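S.K.: So you can see what is in the structure, the chains are spelled out below.
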Amino acid sequence: MHIVILGNSTVAVAAVEAIRSIDNMENKITVVSNEPFFTYSHPLLPNYLVGEVEEDEEKFSYRRKGFYEQNKLNTILGDAAVFIDKNAKTVELKSGKEIAYDRLIVATGGIPIVPPMEGVNLENVFTFTNLTEVKKFKTALPNIKKCVVVGGGLIGTRLTEKLSIYGVETYLIELLERLVVLALDDYGAGLIRKELEKAGGHIITGDSVKSILGEKKVCGVKLASGKEISCDAVAIAIGVRPNMDIAKNAGLEVGRGGVITDEYMRTSDPNIFSGGDIVETYDLTSNQRRSIPILPIAYAQGEVAGLNILNREVKFKGGFPMNSMKIGGIEFISMGTVNPEKDAEIIERKYDNGDYKKFIIKNNCLSGAIFIGDIEKAGMFNWMIKERFNVKRIKDYFLKEDFGWKYFDRDTRNLRISRQLK
Amino acid sequence: MKWMKNLKTYIPGDFVVVRDDNKCIRCKACVEQCSFEANFYDDEEDRVWSWDGHCVGCQRCVYICPTDAIRVEPREEIYRHHENWKIYHIKGIEKRANFGGAPIVSMGTDKEYPIYWDHILLNASQVTNPAIDPLREPMELKTFIGRKPSVLEIKKSKYSKTKIPPQLELEIPIMFSAMSYGAVSKNVIEALGRASEAMATCFNSGEGGLYKEHYKFGNRLIVQVASGRFGVHKDYLNIASAIEIKIGQGAKPGIGGHLPGEKVSKEISETRMMPRGADAISPAPHHDIYSIEDLRQLIYALKEATRYRKPVIVKIAAVHNVAAIASGIARAGADAICIDGFKGGTGASPQVIRDCVGIPLELALASVDTRLREEGIRNEVSLIASGGTRCSTDVIKAIALGADAVYIGTAALVAIGCHLCQQCQRGNCAWGIATQDPFLSKRVNPDIAAEKLINLLKVWSLEIKEMMGAMGINSIESLRGNRLALRGVGLTDTDLNILGILPAGA
Amino acid sequence: MMKIIKVNEDVCVLCHLCEIACIVEHSESKDILKVFKREKPRPIARCAVEEDKPLSFSLMCRHCDDAPCVKACSNGSMHRDERGYVVVDEETCIGCWMCIMVCPYGVIRRDERRQKWNLSTKCNMCPDRDIPACVEVCPNEALVLGDVVECT
Ligand SMILES: Cc1cc2nc3c(=O)[nH]c(=O)nc-3n(C[C@H](O)[C@H](O)[C@H](O)COP(=O)(O)OP(=O)(O)OC[C@H]3O[C@@H](n4cnc5c(N)ncnc54)[C@H](O)[C@@H]3O)c2cc1C
Ligand code: SF4
Chain F
1 MHIVILGNST
11 VAVAAVEAIR
21 SIDNMENKIT
31 VVSNEPFFTY
41 SHPLLPNYLV
51 GEVEEDEEKF
61 SYRRKGFYEQ
71 NKLNTILGDA
81 AVFIDKNAKT
91 VELKSGKEIA
101 YDRLIVATGG
111 IPIVPPMEGV
121 NLENVFTFTN
131 LTEVKKFKTA
141 LPNIKKCVVV
151 GGGLIGTRLT
161 EKLSIYGVET
171 YLIELLERLV
181 VLALDDYGAG
191 LIRKELEKAG
201 GHIITGDSVK
211 SILGEKKVCG
221 VKLASGKEIS
231 CDAVAIAIGV
241 RPNMDIAKNA
251 GLEVGRGGVI
261 TDEYMRTSDP
271 NIFSGGDIVE
281 TYDLTSNQRR
291 SIPILPIAYA
301 QGEVAGLNIL
311 NREVKFKGGF
321 PMNSMKIGGI
331 EFISMGTVNP
341 EKDAEIIERK
351 YDNGDYKKFI
361 IKNNCLSGAI
371 FIGDIEKAGM
381 FNWMIKERFN
391 VKRIKDYFLK
401 EDFGWKYFDR
411 DTRNLRISRQ
421 LK
Chain A
423 MKWMKNLKTY
433 IPGDFVVVRD
443 DNKCIRCKAC
453 VEQCSFEANF
463 YDDEEDRVWS
473 WDGHCVGCQR
483 CVYICPTDAI
493 RVEPREEIYR
503 HHENWKIYHI
513 KGIEKRANFG
523 GAPIVSMGTD
533 KEYPIYWDHI
543 LLNASQVTNP
553 AIDPLREPME
563 LKTFIGRKPS
573 VLEIKKSKYS
583 KTKIPPQLEL
593 EIPIMFSAMS
603 YGAVSKNVIE
613 ALGRASEAMA
623 TCFNSGEGGL
633 YKEHYKFGNR
643 LIVQVASGRF
653 GVHKDYLNIA
663 SAIEIKIGQG
673 AKPGIGGHLP
683 GEKVSKEISE
693 TRMMPRGADA
703 ISPAPHHDIY
713 SIEDLRQLIY
723 ALKEATRYRK
733 PVIVKIAAVH
743 NVAAIASGIA
753 RAGADAICID
763 GFKGGTGASP
773 QVIRDCVGIP
783 LELALASVDT
793 RLREEGIRNE
803 VSLIASGGTR
813 CSTDVIKAIA
823 LGADAVYIGT
833 AALVAIGCHL
843 CQQCQRGNCA
853 WGIATQDPFL
863 SKRVNPDIAA
873 EKLINLLKVW
883 SLEIKEMMGA
893 MGINSIESLR
903 GNRLALRGVG
913 LTDTDLNILG
923 ILPAGA
Chain D
929 MMKIIKVNED
939 VCVLCHLCEI
949 ACIVEHSESK
959 DILKVFKREK
969 PRPIARCAVE
979 EDKPLSFSLM
989 CRHCDDAPCV
999 KACSNGSMHR
1009 DERGYVVVDE
1019 ETCIGCWMCI
1029 MVCPYGVIRR
1039 DERRQKWNLS
1049 TKCNMCPDRD
1059 IPACVEVCPN
1069 EALVLGDVVE
1079 CT
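Going line by line, the protein sequences match chains F, A and D.
Per the numbering used here, residue 1 is the first one in the first sequence, and the count goes up by one each step.
Per the numbering used here, residue 423 is the first one in the second sequence, and the count goes up by one each step.
Per the numbering used here, residue 929 is the first one in the third sequence, and the count goes up by one each step.
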């Protein structure tokens, strides 16, 4: 069987690993990517930008050297897929090449959302989701003194931190009243703001960039409030959307949040699978189908797609957002829906040492959590969310500094620890 | 320092904990392990200290310390020498004067009384009769506890016409003596039960009833009926292989028992059939037994309740006229008599009783065996010797003196960790044995403990076979009461006479 | 079949020696006195004892079949070694704590003492030994090597 994977990132690697774990190298796998690079780690892009890690370092790669050879992959790197003919079962590449497939995985990920505003095409306006773009940014960086970052989400804040430490005078503009809206609450966002300011960043919330100023090159931005900030670069980080034109054009069913798949990660065409930032995912904590562009979900979906191509009938039942981040001296992990509706029960505590924990409980199930500082037990809560564990008897202990398995009832604990209970 | 000496009650302890600070890595294992609070960590100084006065010499910290930084040494106070006023007496008076109570102690007496076992030697075959190699020839340690008929009529079919009274069949002549649930922890009993099953011998429930989890060991169990009658009911009697009426105990003859209310946990109260938190008091006598005739009534009541299917043992402490008492017990219908010597262990006994009431097992056993033979009723009862048996040679000597089997108690506990610190009465045994504290009792892992007990019994059995082989005897039954196999050294004529053995050389 | 460390809370004596042994095993000198007297910083124990007397037990990575930490790792540092155990590649780990975020047992520790990159620290089943150090040291067999009986 010839399996073709469009994309060379998380989903692609997961699918390859899944397939190779069971197929004895029997199938032919071709990985196609528009970018000419060895599979790399997206979360490290901010570090790469400021030179903390270089492209040739092992840690920048998503897998170790030799990954393609060990898994006997055909790779076509640096040639974008432009059209899928699902009836003929072929993919046309930008170069004009055509590849026939038996099964296809469309994993083209996300593309940055760029608001339609004046000046977005000027020189020194950057997006931040792939290496090609970040490389341009990196090349320009030595000459950048002042930069405006648009969007105070996870990537925008990380970028602001890195740039400020690097020595660029950075302005972060966020439309809403606080930062990291989706992953944090007021308290957490306040801490992040303080850390960014400590690092030298300037934070402007409740305002937005109206237009980017400049002739050929950026020389400033104009905000909705009328304020102008002069700068020599703009980084747009207001999020990603599914990179699904190719899927749409192929006639695959798509929704608002991305390509639509069933629980087996199969699209509306039985020979085409998908996963990752391009698909719509069922959010277990908000019970909605939406785009959840995070790496753990991309991996899980890629793995499921890979296994189901070999008819393993494995399901991906849904996921939820989760993030782990470090800004300045603050480490935090957030998961699930952290800004709940009114009827949810909230358990929270600020600890003397500055740590913070918050849990959102609905119908005796955990639906979201925030950890700041003391994050080491976070995964246990992740498990509780995922398994919809009834937290009625255990929730009173959530805020304890020494929270652990000791607070579970004996049977649950022992079954879990002996791996007899999922 | 977090502690201060209380000078109003201060009596120097018996030990010092010596910690090599160069080797101490501050892991604090010794702090957590010491259930007597002798070790503590001072975080300001970042040092582990010891409060020597609390140390009981149980060696738990020595054992657990990963760098071997700890030694426990005797604290040798040098008072001005006085032949009459030993430190022991001085401290004894101080204790009574300071605390106003009679000291309670445990384990067997630690005083210097003669140990007759150590003055008895075994014989071996030379020339005139062949020795046997136990690794090549069959050897039998099997024994039966119970009344034996005086004559045996055999039918033509070779089956016995005589009805054989109930017997307790033991593959080895060593059983575990009575240690009640309450005195020792659940895990200890579990281990004793498992080892008894593996070695086809028996253990004894003690006077505290039988915990529901231990009913599974019924085939290898002797249940005790003591003066408190704790936990005695139909199922309890019927599940067991034999029943033992406890009249007395070597460590505290004439004394009852007292399990303080705080140790009467939910499980113990269920097992003993008594209210939770109430003191469990076993009266000194059985209030329904004031004579041999009364004893007979109880023996037959128990036999009746169990349809004459189980041997009934009567356990008495070795006291002055033990021989006459034993004769009475035999005549009262007991199937076996257990004689518990004064060195026998206990979970709690007044110090004065433990240390000077009763007589040595060796003498008691010999005189009982002699007396029963003289009266021609030795076959009517089996004799079980107990109290202070330390090694396989003690066992074989006891059998040659006249015992059918031996009970071991302390030796079994030592096998599973007991270091004889003699603090059982306090209930916070650092080795998890004599305690009901659920945190401490975890220290006995029944898997490990059972294996150690099995090892001990296997090795002792092998050693006994070797000694028997050397004497040219291939069955333990032929050794029983065979006092010619023994010789005494360093004993007086009177001792030799009572023991019924010849002096070495004779 | 792959063995994991089985935990028996009923016989844990709360001596913490598993943690000590783990520290020693993962140290430079592997000499208990040198580690505690000289090595700075000392390794972090990869097992942790939980205590709520009388309950106590030690817990370390369960080496999940379906290891979430491996899947969530942002650059492939968390992986399965030849023996099948889940281990961290210390060279490449960047300490992003994605593994901590998903480990359902909460057994990954943060080592924040490296110069540049933090390091995820977890049980690696002592690759240099036949029996993991904690199992060997445990005085009461509260930790033993055993097969996984997996069911739901
Ligand atoms: C800066 C940054 C930081 C991040 N940090 C985190 C984090 O800390 N935690 C977290 O959970 N997630 C993080 N993410 C998100 C995470 O990287 C993604 O969720 C994950 O990589 C999605 O994987 P994917 O395979 O679906 O898509 P992508 O990783 O987006 O990969 C898409 C692949 O498709 C290729 N491609 C695109 N179009 C075509 C085409 N037409 N033809 C052929 N190939 C094509 C691309 O070159 C790429 O190889 C971060 C993302 C970024 C950009
Ligand atoms: S670290 Fe956690 S998630 Fe990873 S294998 Fe171990 S237990 Fe499983």
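Hints were generated in silico from the structure; no laboratory data involved.
Be aware that a few hints might be false.
Quick look at which bits of chain F chain D covers, simulated, 3 or more residues with Cβ under 8 Å [claimed, not checked]:
#: 1; segment: 61-68
#: 2; segment: 236-243
#: 3; segment: 292-305
#: 4; segment: 331-343
#: 5; segment: 360-369
#: 6; segment: 373-383
#: 7; segment: 412-422
Each computed DSS-like pair below joins lysine-lysine, with the alpha-carbon atoms no more than 27 Å apart [as the list claims (entries may be wrong)]:
#: 8; chain 1: D; residue 1: 965; chain 2: A; residue 2: 685
#: 9; chain 1: F; residue 1: 406; chain 2: D; residue 2: 981
#: 10; chain 1: F; residue 1: 210; chain 2: F; residue 2: 227
#: 11; chain 1: F; residue 1: 406; chain 2: A; residue 2: 656
#: 12; chain 1: D; residue 1: 1044; chain 2: A; residue 2: 450
#: 13; chain 1: F; residue 1: 194; chain 2: D; residue 2: 965
#: 14; chain 1: A; residue 1: 638; chain 2: F; residue 2: 406
#: 15; chain 1: A; residue 1: 880; chain 2: A; residue 2: 608
#: 16; chain 1: F; residue 1: 350; chain 2: F; residue 2: 317
#: 17; chain 1: F; residue 1: 342; chain 2: F; residue 2: 406
#: 18; chain 1: A; residue 1: 445; chain 2: A; residue 2: 430
#: 19; chain 1: F; residue 1: 406; chain 2: A; residue 2: 608
#: 20; chain 1: F; residue 1: 406; chain 2: D; residue 2: 1044
#: 21; chain 1: A; residue 1: 608; chain 2: A; residue 2: 583
#: 22; chain 1: D; residue 1: 981; chain 2: A; residue 2: 608
#: 23; chain 1: F; residue 1: 198; chain 2: D; residue 2: 965
#: 24; chain 1: A; residue 1: 445; chain 2: D; residue 2: 1044
Keep in mind it's a predicted model, so treat the numbers as computed, not measured.
Beta carbons are placed, not taken as given, at the ideal position from N, Cα and C, and that holds for glycine.
S.K.: For every hint, state whether the structure bears it out.
M.R.: Status of each hint after checking the structure:
no.	hint	in the structure
1	61-68	holds (count 4)
2	236-243	violated (count 0)
3	292-305	holds (count 5)
4	331-343	holds (count 3)
5	360-369	violated (count 0)
6	373-383	holds (count 8)
7	412-422	holds (count 9)
8	965/D with 685/A	violated (43 Å)
9	406/F with 981/D	holds (10 Å)
10	210/F with 227/F	holds (10 Å)
11	406/F with 656/A	violated (40 Å)
12	1044/D with 450/A	violated (33 Å)
13	194/F with 965/D	violated (40 Å)
14	638/A with 406/F	violated (31 Å)
15	880/A with 608/A	holds (24 Å)
16	350/F with 317/F	violated (34 Å)
17	342/F with 406/F	violated (32 Å)
18	445/A with 430/A	violated (35 Å)
19	406/F with 608/A	holds (23 Å)
20	406/F with 1044/D	violated (35 Å)
21	608/A with 583/A	violated (44 Å)
22	981/D with 608/A	holds (18 Å)
23	198/F with 965/D	violated (38 Å)
24	445/A with 1044/D	violated (34 Å)
Consistency with the previously given hints fails for numbers 2, 5, 8, 11, 12, 13, 14, 16, 17, 18, 20, 21, 23 and 24, ordered from lowest to highest.
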